[in-house]
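K.L.:
Spelled out, the chains give:
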Amino acid sequence: MRRLLDRRPWIVTLLSITAVIAAWAIATETGAVSDLLLPTPGELWSGAADLVVNGYKGYSLGAHIGLSLMRVAVGFGIGTIIGTLLGLLMGMSPTIDALAAPYIEFLRPLPQLAYLVLLIIWFGIGETPKIVLLFLAALPVSAVAARDGVRNVSPQRVQAAQSLGASRLQIFRHVVLPSALGEIFIGARLSIGIVYATLIAAEMIAGASGIGWLILDAGRFLRSDYVIAGILLIAAMGMGLDRGLLLAQRRIVHWAGK
Amino acid sequence: MPDQPLAETLTASADAFVRFEGVSVTYGSGTAQATPALSPTDLAFARGDFVCIVGPSGCGKTTLMQTLAGFLPPTGGRVSVGGVEVSGPGPDRGVVFQQAALFPWKTVAANAGFGPAMRGLPRTEQKERVEYWLRSVGLWDFRDRYPYQLSGGMQQRLAIARALANEPELLLMDEPFGALDALTREKMQEELHAVWKRRGMTVLFITHSVDEAVYLGTEVVVMSRRPGRILERIPAPFARIAGERDIRRIKAGADFVALREQVLELIWGEGG
Ligand SMILES: Nc1ncnc2c1ncn2[C@@H]1O[C@H](COP(=O)(O)OP(=O)(O)OP(=O)(O)O)[C@@H](O)[C@H]1O
Ligand SMILES: [Mg+2]
Chain A
1314 MRRLLDRRPW
1324 IVTLLSITAV
1334 IAAWAIATET
1344 GAVSDLLLPT
1354 PGELWSGAAD
1364 LVVNGYKGYS
1374 LGAHIGLSLM
1384 RVAVGFGIGT
1394 IIGTLLGLLM
1404 GMSPTIDALA
1414 APYIEFLRPL
1424 PQLAYLVLLI
1434 IWFGIGETPK
1444 IVLLFLAALP
1454 VSAVAARDGV
1464 RNVSPQRVQA
1474 AQSLGASRLQ
1484 IFRHVVLPSA
1494 LGEIFIGARL
1504 SIGIVYATLI
1514 AAEMIAGASG
1524 IGWLILDAGR
1534 FLRSDYVIAG
1544 ILLIAAMGMG
1554 LDRGLLLAQR
1564 RIVHWAGK
Chain B
29 MPDQPLAETL
39 TASADAFVRF
49 EGVSVTYGSG
59 TAQATPALSP
69 TDLAFARGDF
79 VCIVGPSGCG
89 KTTLMQTLAG
99 FLPPTGGRVS
109 VGGVEVSGPG
119 PDRGVVFQQA
129 ALFPWKTVAA
139 NAGFGPAMRG
149 LPRTEQKERV
159 EYWLRSVGLW
169 DFRDRYPYQL
179 SGGMQQRLAI
189 ARALANEPEL
199 LLMDEPFGAL
209 DALTREKMQE
219 ELHAVWKRRG
229 MTVLFITHSV
239 DEAVYLGTEV
249 VVMSRRPGRI
259 LERIPAPFAR
269 IAGERDIRRI
279 KAGADFVALR
289 EQVLELIWGE
299 GG
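Note that the protein sequences, when read in sequence, are chains A and B.
Going by the working numbering, the first residue of the first sequence is number 1314, and it counts up by one from there.
Going by the working numbering, the first residue of the second sequence is number 29, and it counts up by one from there.
Keep in mind that the hints were calculated from the coordinates and are not lab data.
Model, not experiment: these values are computed from the prediction.
One or more hints might be untrue.
To be verified - The list that follows gives simulated cross-link-like pairs (lysine-lysine, DSBU-like), each with its CA atoms no further than 30 Å apart:
no. : chain 1 : residue 1 : chain 2 : residue 2
1   : B       : Lys134    : A       : Lys1571
2   : B       : Lys215    : B       : Lys225
3   : A       : Lys1571   : B       : Lys155
4   : B       : Lys225    : B       : Lys155
5   : B       : Lys215    : B       : Lys279
6   : B       : Lys215    : B       : Lys155
7   : B       : Lys279    : B       : Lys225
8   : B       : Lys215    : B       : Lys134
9   : A       : Lys1571   : B       : Lys215
Kindly generate the complete structure, drawing on both the sequences and the hints.
P.N.:
Have a look at this one:
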């Protein structure tokens, strides 16, 4: 039995999930917990089905998901690309590092909600402040990751490339960049986590779309079935994004950790 | 030149390919932790020589090599190759590091062909060189693998192939066989010796193994404790033995053992 479980850890995972669902069903079906606070599994199921069939307040569920993913993709995409490029330059040139570091260091520990108000004043309440918010969440993390990646390049590998006749540009392309790639990916996964956490805040800015907004809005009407369905959905999307990045990382940086 | 004294002919600069002139290195000079690593050192050797450097740990062997590779500007003195002062690394001086320092994101073939590719040699020549050198070190069958799929000894062989595929005039090797078991090590010694004989390049070879130094070198340079200086230069005959060599016979021979003991005694005199 023990050996079986060691070899098939997913059985343990399955048991754990089953146990939680059973506890949930017992607690709600017996009325021990009011269904205003926590719906029964059946109520959650029909609430979720209702969302799938009828959508929520003017948008289909797919549109809510699509809009959220679009905001994450644009904010994360642009933030990570610009952040990584900036970080690479910072790692290569102490002057650029000295120029940019204070802003990056200022922005990095700053809670996104702190400057959200300012973004609304500057950009109004459309898509722009939402995407700028996510962009600013992604930028400093990926810049620092790329900078550290460049700095951690093995000096001996650079020396090896130099004594094989590589130019400065070739050393960057064939040695520095690939050796920083591992840390760039770690930075990207960190940054997608932060961007995703910021999504709810971004969708709080007036508007009526997105999965984060759906959760907030349903909460105001005490629709805990919609709220929980939304939470499960947003969690699944988050896991999907992280898994996707992890998969890309394993394929592209296949030599890491070996 | 009959009217020129013999001694002068031998030290004439035309004869010296590599020349260290009063080269000294102090790490962190001018700070409180200034570490003198290398005393002013003069050393010159000719094209085609195989110079082995031995000496106690921390005596400045790697430091000396780094000034020749161009990784480290000497604190004093100058280093020149073929009469030209060394001012930085270059493809004329191939380096094999103690840790292989391969490019793990490139295949075995791309690692071996890195130098020729960076220098923009014609494609066909790049391919020929990669095949030739990978076959020479027995890694041709592994050409599409990645370095992390090789054993430590294979990685070291790849590092040697990578340096040789660039066909440098001068090969600098820092304890390249240090991490190998005795059998692989002797096989590698044989392979390196064969390559050196075939191509006639100049080699500067650092090792902790006196046995290896006496076997491979045309000359063994013994260094003192830190800050290192050259204690003695001992010519060794075994590298230039013509025809078939039997490594075990040579290493068991009385003249080999005598020379090895002579070098060991010098190092023992330095306390280690
Ligand atoms: N980067 C450095 N900064 C300061 N001191 C250094 C540095 N590198 C080497 N040293 C010092 O210089 C001395 C010579 O070092 P080096 O690496 O040349 O020795 P080595 O003869 O190659 O030793 P080993 O046989 O152990 O490799 C050592 O005593 C060391 O303390
Ligand atoms: Mg050393």
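K.L.:
Now, for every hint given, state plainly whether the structure supports it.
P.N.:
Verification of the supplied hints:
no.	hint	verdict
1	B:Lys134 <-> A:Lys1571	14 Å, holds
2	B:Lys215 <-> B:Lys225	15 Å, holds
3	A:Lys1571 <-> B:Lys155	28 Å, holds
4	B:Lys225 <-> B:Lys155	23 Å, holds
5	B:Lys215 <-> B:Lys279	14 Å, holds
6	B:Lys215 <-> B:Lys155	26 Å, holds
7	B:Lys279 <-> B:Lys225	19 Å, holds
8	B:Lys215 <-> B:Lys134	26 Å, holds
9	A:Lys1571 <-> B:Lys215	27 Å, holds
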